[in-house]
Amino acid sequence: MSEPCGQHTRDPGACARVPRDPGASALRTRLAWRRTGLSASAVALLALRPAFAPGAGPAEWLVAAAAMTTWAAIVAIALHRGRDLRTRFPGPAPRPIRAYAFLIVALAVLGGWVVML
Amino acid sequence: MLREWFNPSQTGTTPDYRFSLANERTFLAWIRTGLALIAGGLACAQFLPPLPVRHLREIIAILLLVLGALVALRAVDHWVRTERAMRLGTDLPRSRFPAVLAVAVAAGAVVIIAAVLVQVF
Numbered sequence: 001m002s003e004p005c006g007q008h009t010r011d012p013g014a015c016a017r018v019p020r021d022p023g024a025s026a027l028r029t030r031l032a033w034r035r036t037g038l039s040a041s042a043v044a045l046l047a048l049r050p051a052f053a054p055g056a057g058p059a060e061w062l063v064a065a066a067a068m069t070t071w072a073a074i075v076a077i078a079l080h081r082g083r084d085l086r087t088r089f090p091g092p093a094p095r096p097i098r099a100y101a102f103l104i105v106a107l108a109v110l111g112g113w114v115v116m117l
Numbered sequence: 001m002l003r004e005w006f007n008p009s010q011t012g013t014t015p016d017y018r019f020s021l022a023n024e025r026t027f028l029a030w031i032r033t034g035l036a037l038i039a040g041g042l043a044c045a046q047f048l049p050p051l052p053v054r055h056l057r058e059i060i061a062i063l064l065l066v067l068g069a070l071v072a073l074r075a076v077d078h079w080v081r082t083e084r085a086m087r088l089g090t091d092l093p094r095s096r097f098p099a100v101l102a103v104a105v106a107a108g109a110v111v112i113i114a115a116v117l118v119q120v121f
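Sequences listed follow chains A and B, in order. UniProt numbering numbers the first residue of the first sequence as 1 and each following residue consecutively. UniProt numbering numbers the first residue of the second sequence as 1 and each following residue consecutively.
If you're looking for bench data, these hints aren't it; they were derived computationally from the structure. Accuracy of the hints is not assured; some may be wrong.
Computed Cβ-Cβ distance ranges for the label pairs, DEER-style [as the list claims (entries may be wrong)]:
| no. | chain 1 | residue 1 | chain 2 | residue 2 | range |
| --- | --- | --- | --- | --- | --- |
| 1 | A | R86 | B | V53 | 50 to 56 Å |
| 2 | A | R86 | B | R81 | 24 to 30 Å |
| 3 | B | A99 | A | P54 | 42 to 48 Å |
| 4 | B | T26 | A | P58 | 39 to 45 Å |
| 5 | A | R86 | B | P98 | 29 to 35 Å |
| 6 | B | V103 | A | P94 | 26 to 32 Å |
| 7 | A | R28 | B | V53 | 41 to 47 Å |
| 8 | A | A56 | B | A85 | 47 to 53 Å |
| 9 | B | P98 | A | R98 | 17 to 23 Å |
| 10 | B | Q10 | A | L38 | 29 to 35 Å |
In this text, a Cβ means the ideal position worked out from N, Cα and C, and glycines have one as well.
Assemble the whole structure, with the sequences as input and the hints as a guide.
This is how it looks when you write it as structure tokens:
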């Protein structure tokens, strides 16, 4: 990993070696991760709803707990990637991207469970 | 193609990181699309009144959920292929998927409109 290059850079010489505008696209990407976490929150809340409906049983509680766990993982990955984008030289990150897609699929499966209840 | 997901090839040269980040943002935009479809499916199941056709509400909900999951998986696939094309300097991958998705969503909307009209008249 190269020296971080942005407003917190300690070695200004490192900045000369990378293309200009190191901050803005990293920031935009960070905000995109945040926004995506926010969308996931809406889905998690919809999966949570039946657990608070009258007559909710263990099945509703279980699916709500699973949805919240998935949601927590989604937000954690977004925060972690956001921190990476702020502090390290930004590069492609296959792992968080792959994990994100599988967590979204998990949310869809949990949604199917909610629909079938 | 699945092997590519877990073993992204390091062939070619590293592209300008801004392009990589733009690719990442495109991926996230697709993920949000998938999440919106999943939210739509859950909302369908929870807020739609029972439709005239038996289980139509649940069928629409499940179809939206499946579509959302599909969009998420396709998003990774497209991300990997774009990343590889940028490394190799080849053309970016083209895709019919956005058009197919648009047609599918439009068809679903037509089905719901028909169901609502049947209920009204």
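Here is what the structure says about each hint:
1. A C-beta distance of roughly 51 Å is found between R86(A) and V53(B), which places it inside the suggested range of 50 to 56 Å.
2. As the Cβ distance of R86(A) to R81(B) is approximately 28 Å, the hint placing it in 24 to 30 Å holds.
3. A hinted range of 42 to 48 Å holds for the C-beta pair A99(B) and P54(A), which are about 44 Å apart.
4. At about 41 Å, the beta-carbon gap between T26(B) and P58(A) stays in the expected band of 39 to 45 Å.
5. At roughly 31 Å, the beta-carbon separation of R86(A) and P98(B) lies within the given 29 to 35 Å, and the hint holds.
6. Checked against the hint of 26 to 32 Å, the pair V103(B) and P94(A) passes, with Cβ atoms roughly 31 Å apart.
7. Between R28(A) and V53(B) the CB atoms are about 45 Å apart, so this pair conforms to the stated range of 41 to 47 Å.
8. The supplied range of 47 to 53 Å is met by A56(A) and A85(B), whose beta-carbon atoms lie about 49 Å from each other.
9. Between P98(B) and R98(A) the beta carbons are some 22 Å apart, a value that agrees with the proposed interval 17 to 23 Å.
10. Range check, Q10(B) to L38(A): Cβ separation about 33 Å, and the 29 to 35 Å hint holds.
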